[in-house]
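Participant: The listed protein sequences correspond, in order, to chains A and B.
Here the first sequence is numbered in my numbering, starting from 15 and rising by one per residue.
Here the second sequence is numbered in my numbering, starting from 15 and rising by one per residue.
FYI, nobody ran anything at the bench for these hints, they're computed from the structure.
Accuracy of the hints is not assured; some may be wrong.
Which copy is meant is left open, so a pair is good if it fits within one copy or across any two.
[To be verified] No more than 25 Å apart at the CA atoms, straight line, and that leaves these computed lysine to any residue pairs for SDA-like:
#, residue 1, residue 2
1, K598, M15
2, K427, R289
3, K534, E125
4, K534, R134
There are 2 protein chains.
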Amino acid sequence: MRTHFCGLVNEAMIGQTVTLCGWADVARNLGGICFIDLRDHEGIVQVVAEPDNPAYPTAAEVGYEYCLRITGTVRARHSVNDKIKTGKVEVLAESIEILNKSGALPFYNHENPGEDIRLRYRYLDLRRPEMQKTMRKRIALVQALRRHLDASGFQDIETPILTKATPEGARDYLVPSRVHPGQFFALPQSPQLFKQLLMMAGFDRYYQIARCFRDEDLRADRQPEFTQLDMEFAFITERDIQDFVEAMIRDVFSEVQGVELAKPFPRMTYAEAMRRYGSDKPDLRIDLELTDIAELVKSSEFKVFTDWASNEDGRVAALRVPAGATMSRKQIDDNGAYAAKYGANGLAWLKVEDLGKGREGVNSPIAKFLDDATLAAVLSATGAQSGDLILFGAGPWKTVTDFMGALRIKVAKDAGLVKEGWQPLWVTDFPMFEWDAEENRFVALHHPFTAPKVDDVADLVANAKTAVSRGYDMVLNGNEIGGGSVRIHRSEMQSQVFDLLGISKDEAQVKFGFLLEALKYGAPPHGGIAFGIDRIAALMAGTESIRDVIAFPKTASAQCLLTSAPSAVPDKQLAELHVRVREK
Amino acid sequence: MRTHFCGLVNEAMIGQTVTLCGWADVARNLGGICFIDLRDHEGIVQVVAEPDNPAYPTAAEVGYEYCLRITGTVRARHSVNDKIKTGKVEVLAESIEILNKSGALPFYNHENPGEDIRLRYRYLDLRRPEMQKTMRKRIALVQALRRHLDASGFQDIETPILTKATPEGARDYLVPSRVHPGQFFALPQSPQLFKQLLMMAGFDRYYQIARCFRDEDLRADRQPEFTQLDMEFAFITERDIQDFVEAMIRDVFSEVQGVELAKPFPRMTYAEAMRRYGSDKPDLRIDLELTDIAELVKSSEFKVFTDWASNEDGRVAALRVPAGATMSRKQIDDNGAYAAKYGANGLAWLKVEDLGKGREGVNSPIAKFLDDATLAAVLSATGAQSGDLILFGAGPWKTVTDFMGALRIKVAKDAGLVKEGWQPLWVTDFPMFEWDAEENRFVALHHPFTAPKVDDVADLVANAKTAVSRGYDMVLNGNEIGGGSVRIHRSEMQSQVFDLLGISKDEAQVKFGFLLEALKYGAPPHGGIAFGIDRIAALMAGTESIRDVIAFPKTASAQCLLTSAPSAVPDKQLAELHVRVREK
Numbered sequence: 015m016r017t018h019f020c021g022l023v024n025e026a027m028i029g030q031t032v033t034l035c036g037w038a039d040v041a042r043n044l045g046g047i048c049f050i051d052l053r054d055h056e057g058i059v060q061v062v063a064e065p066d067n068p069a070y071p072t073a074a075e076v077g078y079e080y081c082l083r084i085t086g087t088v089r090a091r092h093s094v095n096d097k098i099k100t101g102k103v104e105v106l107a108e109s110i111e112i113l114n115k116s117g118a119l120p121f122y123n124h125e126n127p128g129e130d131i132r133l134r135y136r137y138l139d140l141r142r143p144e145m146q147k148t149m150r151k152r153i154a155l156v157q158a159l160r161r162h163l164d165a166s167g168f169q170d171i172e173t174p175i176l177t178k179a180t181p182e183g184a185r186d187y188l189v190p191s192r193v194h195p196g197q198f199f200a201l202p203q204s205p206q207l208f209k210q211l212l213m214m215a216g217f218d219r220y221y222q223i224a225r226c227f228r229d230e231d232l233r234a235d236r237q238p239e240f241t242q243l244d245m246e247f248a249f250i251t252e253r254d255i256q257d258f259v260e261a262m263i264r265d266v267f268s269e270v271q272g273v274e275l276a277k278p279f280p281r282m283t284y285a286e287a288m289r290r291y292g293s294d295k296p297d298l299r300i301d302l303e304l305t306d307i308a309e310l311v312k313s314s315e316f317k318v319f320t321d322w323a324s325n326e327d328g329r330v331a332a333l334r335v336p337a338g339a340t341m342s343r344k345q346i347d348d349n350g351a352y353a354a355k356y357g358a359n360g361l362a363w364l365k366v367e368d369l370g371k372g373r374e375g376v377n378s379p380i381a382k383f384l385d386d387a388t389l390a391a392v393l394s395a396t397g398a399q400s401g402d403l404i405l406f407g408a409g410p411w412k413t414v415t416d417f418m419g420a421l422r423i424k425v426a427k428d429a430g431l432v433k434e435g436w437q438p439l440w441v442t443d444f445p446m447f448e449w450d451a452e453e454n455r456f457v458a459l460h461h462p463f464t465a466p467k468v469d470d471v472a473d474l475v476a477n478a479k480t481a482v483s484r485g486y487d488m489v490l491n492g493n494e495i496g497g498g499s500v501r502i503h504r505s506e507m508q509s510q511v512f513d514l515l516g517i518s519k520d521e522a523q524v525k526f527g528f529l530l531e532a533l534k535y536g537a538p539p540h541g542g543i544a545f546g547i548d549r550i551a552a553l554m555a556g557t558e559s560i561r562d563v564i565a566f567p568k569t570a571s572a573q574c575l576l577t578s579a580p581s582a583v584p585d586k587q588l589a590e591l592h593v594r595v596r597e598k
Numbered sequence: 015m016r017t018h019f020c021g022l023v024n025e026a027m028i029g030q031t032v033t034l035c036g037w038a039d040v041a042r043n044l045g046g047i048c049f050i051d052l053r054d055h056e057g058i059v060q061v062v063a064e065p066d067n068p069a070y071p072t073a074a075e076v077g078y079e080y081c082l083r084i085t086g087t088v089r090a091r092h093s094v095n096d097k098i099k100t101g102k103v104e105v106l107a108e109s110i111e112i113l114n115k116s117g118a119l120p121f122y123n124h125e126n127p128g129e130d131i132r133l134r135y136r137y138l139d140l141r142r143p144e145m146q147k148t149m150r151k152r153i154a155l156v157q158a159l160r161r162h163l164d165a166s167g168f169q170d171i172e173t174p175i176l177t178k179a180t181p182e183g184a185r186d187y188l189v190p191s192r193v194h195p196g197q198f199f200a201l202p203q204s205p206q207l208f209k210q211l212l213m214m215a216g217f218d219r220y221y222q223i224a225r226c227f228r229d230e231d232l233r234a235d236r237q238p239e240f241t242q243l244d245m246e247f248a249f250i251t252e253r254d255i256q257d258f259v260e261a262m263i264r265d266v267f268s269e270v271q272g273v274e275l276a277k278p279f280p281r282m283t284y285a286e287a288m289r290r291y292g293s294d295k296p297d298l299r300i301d302l303e304l305t306d307i308a309e310l311v312k313s314s315e316f317k318v319f320t321d322w323a324s325n326e327d328g329r330v331a332a333l334r335v336p337a338g339a340t341m342s343r344k345q346i347d348d349n350g351a352y353a354a355k356y357g358a359n360g361l362a363w364l365k366v367e368d369l370g371k372g373r374e375g376v377n378s379p380i381a382k383f384l385d386d387a388t389l390a391a392v393l394s395a396t397g398a399q400s401g402d403l404i405l406f407g408a409g410p411w412k413t414v415t416d417f418m419g420a421l422r423i424k425v426a427k428d429a430g431l432v433k434e435g436w437q438p439l440w441v442t443d444f445p446m447f448e449w450d451a452e453e454n455r456f457v458a459l460h461h462p463f464t465a466p467k468v469d470d471v472a473d474l475v476a477n478a479k480t481a482v483s484r485g486y487d488m489v490l491n492g493n494e495i496g497g498g499s500v501r502i503h504r505s506e507m508q509s510q511v512f513d514l515l516g517i518s519k520d521e522a523q524v525k526f527g528f529l530l531e532a533l534k535y536g537a538p539p540h541g542g543i544a545f546g547i548d549r550i551a552a553l554m555a556g557t558e559s560i561r562d563v564i565a566f567p568k569t570a571s572a573q574c575l576l577t578s579a580p581s582a583v584p585d586k587q588l589a590e591l592h593v594r595v596r597e598k
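Here chain A stands alone, though its shape is the one from the complex (with noise of 0.2 Å):
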């Protein structure tokens, strides 16, 4: 139906007849002459129909966002254009064809209404030039992802979707089984299990583009469904699986943003990261650290401070915030109010005045409850200059950890101290358990089936609170991007895993005995990892957002607007599937 796009027709084609096909961007006359800006997904080119022209009549119908086909010749424009890629030339329309005409807009291409009008008609919000772009940006990752993987010998296998209710603690989708009266398939929050089975099928590499869904209550970014790249390798360590996909995230980088990424990537245990970033995905792009001062303060006259810094499972640690003096008491107390949200009962604060003169150059509150070598010893710890703030946290160590993580973004931000660029590393030697003190159990903090980096079983069992994992992380720019490990690949080993984890052998054996069975027939060591897809896109794209990366989004309230999903279903078919609703 047409011979060129519209952002490609350039000055090579003048004198030219081309067919075009495309929406009128723009559709005005201007002293008598028709200009339609028509557009496809290359672009845009300026179309003129003179009132001697055949296709005049025509032209003066068209509307915004009409779909047009048409004929003309190309010639050079009197004043060029230089905003759009075509504003050399222009194309004399010789006939126009309207393949369908458009109804008043709900909003202009031109503008970015909210998100409700652009979610309920997201056909038209996808046509903007920027929607495209940011799409677009997620399938040359995809693209390039696929390329790189097919070229090394991975082997993309689909795993179901509908499939057994899966362990990875999130709260699963259901869907009523019609052939079993009150049974239930549940979507995958991952392929986690099957991945893993490939190894053991000796599949030896496996990648999948895999849809997973997760039944949470939506965090400002999160999707009912997410995408991610999902691996794993047979017969490999932790490291030959870090080499592998940090080369591969180095390439897709280079190819599809033009970014070249560190090489080697840093690399960093969860315990330093905890400690100098308070985040297990630290944000490399700012430079202020926390500072351990218990040490110092342990016998301090101020008692936040003395009660933590003699607490085992205490922490006292400060932020030298540079330039941070002139914040105000509101601006430090919006601060506090902030870590509160964190888990903080409080944030003490010091104002470095003048360093040259010792405790007369500080205005803190707390500062007459530190004699002058504790004063002199935090200033120097936190390497404190003249006209820096510095903030303090208290408290049991995980919750200090956190809040003093999340300020420290958080004054970054506000004082313009994040720095351009990408900044990627690895995590790890996370813990193999988390202690949850409300269930007086311990959680696993990546799944239960990473390995341990002990291969004894006694001796997991012997040092559980301290045992470290064989799991990882890839974090760019405080987001991790992709989370793997070993996994376990012998059933005792696995079965004590459920066991330190509170899972009863009776629940492991409905749950997974189909995994502990496949691990006694000669299941090889393995490992892989999962990349999100939708957050690398969306930090390619340059966007806040996941919802710009994917093509139907759902909202917050995980509703479809465009198709008004979820919707009511007649009994009949609810009776089909063996339920029905409750009522309240």
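Based on the hints, put chain B in the right spot on chain A.
Facilitator: Relative to the frame of chain A, chain B by itself:
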């Protein structure tokens, strides 16, 4: 963990030390020497441990399917084994590490046990070289398709799995919403409407290897979830689409299967296919054709023939079975019973024992009802030769077409008349509607979004019964491997087609309101096609069952024997989803 793959060890490596990982395909002790056939996905190599060898004690422990890591030296083999790629060499073991033991196996690698046990221990089933080969054929197919499409500017876009009840006619799988009590998502029967919306959104060329779901009673070779290559094009005609995908399929068969398909594919209208082959997906590997003889027999004395020959909705057809005159009475009766399953009320037959002898030369219960001229005309029309059998069907047009078409395939298979090779074709010009006598309304032969050939709404309404659609199927060896159409892109036409299909305005608004709305904003002309990946992979792999090209398929009763899905879930979980199980 390894230096080479087992199956790739070769003579060039003689003298080298290699480290291999894999499974003991066979492990035995012959005359005091341990022989292990070590297998990975590339193949098998023989490993030898002699008694004076430090690896010997471990080698002696190894059982079938133990997972091993072996280091040793490649050497020439005394007795060459021509059956395996590595048959000229073996590896003299220096060290053997047992990575994992295997318990007593439910079946051995070399067996092909019952399908239930294969599915329950799928990870062992898939280890069999035959299954590795079959699955890897599917993987190669998908990879080749993607490569072709990526290179042609197609955009791989994911569409939702949690969506609105879809309208393809089959039963939906439903997913209760937790956030919206009493409401349900449906799993997509295909991404049909989403791909149309993507064309309206300006993506121009779309594809997706898409998971689709139908909650139907599973006939022999259906799965609750299946995979299609879903494609859509904007600004295009059906012939452009067909030419593009025909070239794609030809390329992919050449690349993956080493087969050159006909260029171009033969083309046939629906009417011709039904007339000549009694099927809209004719298997052209079979030369036999149906012959319409209504005109020849309409004044005969055989009432069944004359009645149906003069009925405008009737059909009288003959099928010549070459050399079929040797068929016994029992064989003919069996064919009659087979035809009865497709609706036949009886099957007349005629054996041509000696063509030269006229009436004397035929043996048939119905010959006496045909005068000499009619008999001669029938023999001539069917092209009968001495030794042939002719089968006759008379009845309603659709019934005769169906059972004669089915018979055509059966008698050809029985007589070994199905030729080797690959016979693709296009079937076009499908009727727009089929009359459903039970429901007393039209049903769509493709789906309700298929455009009619006529562009004019009034014309369609006036001639609905005979209207032809812009739909098309790609057929290969009697299988419909792809089906598509140009879609309706105007709101009025879509509303009219819904109306003709007996869908009320209200129902259309509830189910398809978003589509009708979307068509109002300059929707472009568009069309596409979907290919059944499971079926194409099964054809390529030479297996009858699509279950052999799905890693974790379900049984005919829609169960996963490996994970025991579906399964019961705690009522607490159902309460969160606002549903309960219905009591009987």
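Participant: Give a verdict on every hint.
Facilitator: Verification of the hints:
no., hint, result
1, K598 <-> M15, "neither (57 Å within a copy, 59 Å between copies)"
2, K427 <-> R289, "within (20 Å within a copy, 74 Å between copies)"
3, K534 <-> E125, "between (60 Å within a copy, 20 Å between copies)"
4, K534 <-> R134, "between (52 Å within a copy, 14 Å between copies)"
Checked against the numbered hints above, the structure breaks only hint 1 and satisfies the rest.
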